[in-house]
Structures are given as structure tokens and as C-alpha cells.
Amino acid sequence: DAGVTQSPTHLIKTRGQHVTLRCSPISGHKSVSWYQQVLGQGPQFIFQYYEKEERGRGNFPDRFSARQFPNYSSELNVNALLLGDSALYLCANSRGGGSYNEQFFGPGTRLTVL
Amino acid sequence: ILNVEQSPQSLHVQEGDSTNFTCSFPSSNFYALHWYRWETAKSPEALFVMTLNGDEKKKGRISATLNTKEGYSYLYIKGSQPEDSATYLCAVAGNNRKLIWGLGTSLAVNP
Chain A
1 DAGVTQSPTH LIKTRGQHVT LRCSPISGHK SVSWYQQVLG QGPQFIFQYY
51 EKEERGRGNF PDRFSARQFP NYSSELNVNA LLLGDSALYL CANSRGGGSY
101 NEQFFGPGTR LTVL
Chain B
1 ILNVEQSPQS LHVQEGDSTN FTCSFPSSNF YALHWYRWET AKSPEALFVM
51 TLNGDEKKKG RISATLNTKE GYSYLYIKGS QPEDSATYLC AVAGNNRKLI
101 WGLGTSLAVN P
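Which chain is which? The protein sequence lines are A and B, in order. Every letter in the first sequence is one number past the one before it in the working numbering, and letter 84, counting from 1, is 84. Every letter in the second sequence is one number past the one before it in the working numbering, and letter 77, counting from 1, is 77.
If you are wondering where the hints come from, they were derived from the structure by calculation, not from laboratory data. Quick reminder that beta carbons are idealized off the backbone N, C-alpha and C, glycines included. Among the clues, some could well be false.
Unchecked claim - If you want a taste of the chain A side facing chain B, the calculated C-beta under 7 Å gives, among others:
(1) Y50
(2) E53
(3) G56
(4) F64
(5) P107
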């Protein structure tokens, strides 16, 4: 198993554009969580999906949305990009949906908004 | 509101030193605690998940304890090695089951 994979690895966008980030899970892991990590801060929780249903949402504006597909892969979409959206976006998988489950992280997507 | 605090913010030790750092959280709002190691240019790697008061877990030279009544967890590294250099992140899930992350402790081990 290749582990959690994310694409693209790096992305440069301009303000106002839209971006889609992708995450492919470890086989058999049904939960996916998305995090935003700004330099100097810990990861901030954005969304959790389990069995294709939203389980949790962090304190992010409606410009952020996500979905999980039948194969448990996931997309994070961000509309109307702002400079402050520049960050590392991490995807994490776990077997179950509970917060006591160990999370396996992907390498992240580095988004730069100019 | 669940607030997770980690101390110290950064730490420099010599190879062979033992070290420890702290993760603090509100004791009234606790469900689970995670420790992760995040090395530069790599993904965060899970070390421990702990849920019970008094829990102690060990993985090689690294161990962790949990005190849910007073709201803290300690992470210990015995005989630090240069490869232990990383940021150590603590995340706590409260009653709403969402993981809240601390800012991490950055450890540098000098050979």
C-alpha cells in the first residue's frame, strides 16, 4: 500500500481563483480529515468525512467545501481564494470515524495564493 | 472552548540527554489525546493515542503518560538521538470529538 497520497504537491493560484485538492486513502481506511497548517501554527481542523458523510466541520468559511467518494478518496475545494489561504493542506485517514483512531497523514499540498 | 497548549515551544538537547515535554488541556472536556512526530519534509507520524486516565504508553525510547483529572500529558524521550529531531504535536478531542491541535514542541538534538 502506498499510504495516503495527495495531489498536487504544490500549487500556485491567484486571488479569486478556485482550487481542488485531492486525497487518496490507505486501503480500508474510511475516514478522511482535512487540515490547514499555516507556518508557525499547529494544524487547524477543516473537515472530517466518514463513509461519505460529513462528520465534523471546523471554523472555516463556506468558501471551503469537501466531499468523499465511494472509494473513500476525497476532494477539498476552496473558492474565491484569499492570500490568507496560503498554507499546507494535509489529508489524514483513519480506519474508523472516532477521534480515538490513529490518523495517517499524507505529504500535504502546499498552496500559494498570490 | 478546548485549548491545547504545549510547552516548551522549542528545545535543544545534546545527544544522549533525556527530555520531556508537556501537553495541557481542560480536564473537564476530554475524550482522547494523540501524540504525533513531524519531521521536516515528511508527514506527521502517529506515536500514541491515549484515552484513559493513568495511561502509559511506550514505543522504543519514547513514552507518554496521561492525567485526565489534571489535564496534562507528558512525552518522554530517553537518550535522545539526532534522528529524534522533529516537531512533536499533541492533539486532543473533547466532548464534540473534534481534534484540536497544539502548536507543537520543536526538538533539536545536537550530535
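request  = Verify the interface restraint on F64/A: the C-beta must sit less than 7 Å from at least one C-beta of chain B.
outcome  = F64/A check fails; min Cβ-Cβ to chain B is 15 Å, beyond 7 Å.
key: Satisfaction of the P107/A interface hint, Cβ to chain B closer than 7 Å   = 5 Å, holds
Closest C-beta approach of G56/A to chain B relative to 7 Å, hint status = 5 Å, holds
message = Min Cβ distance, E53/A to chain B: is it shorter than 7 Å?
response = 14 Å, violated
key: Minimum beta-carbon distance criterion (7 Å), Y50/A to chain B   = 11 Å, violated
In this structure, the earlier hints numbered 1, 2 and 4 are contradicted, and the remaining ones agree with it.
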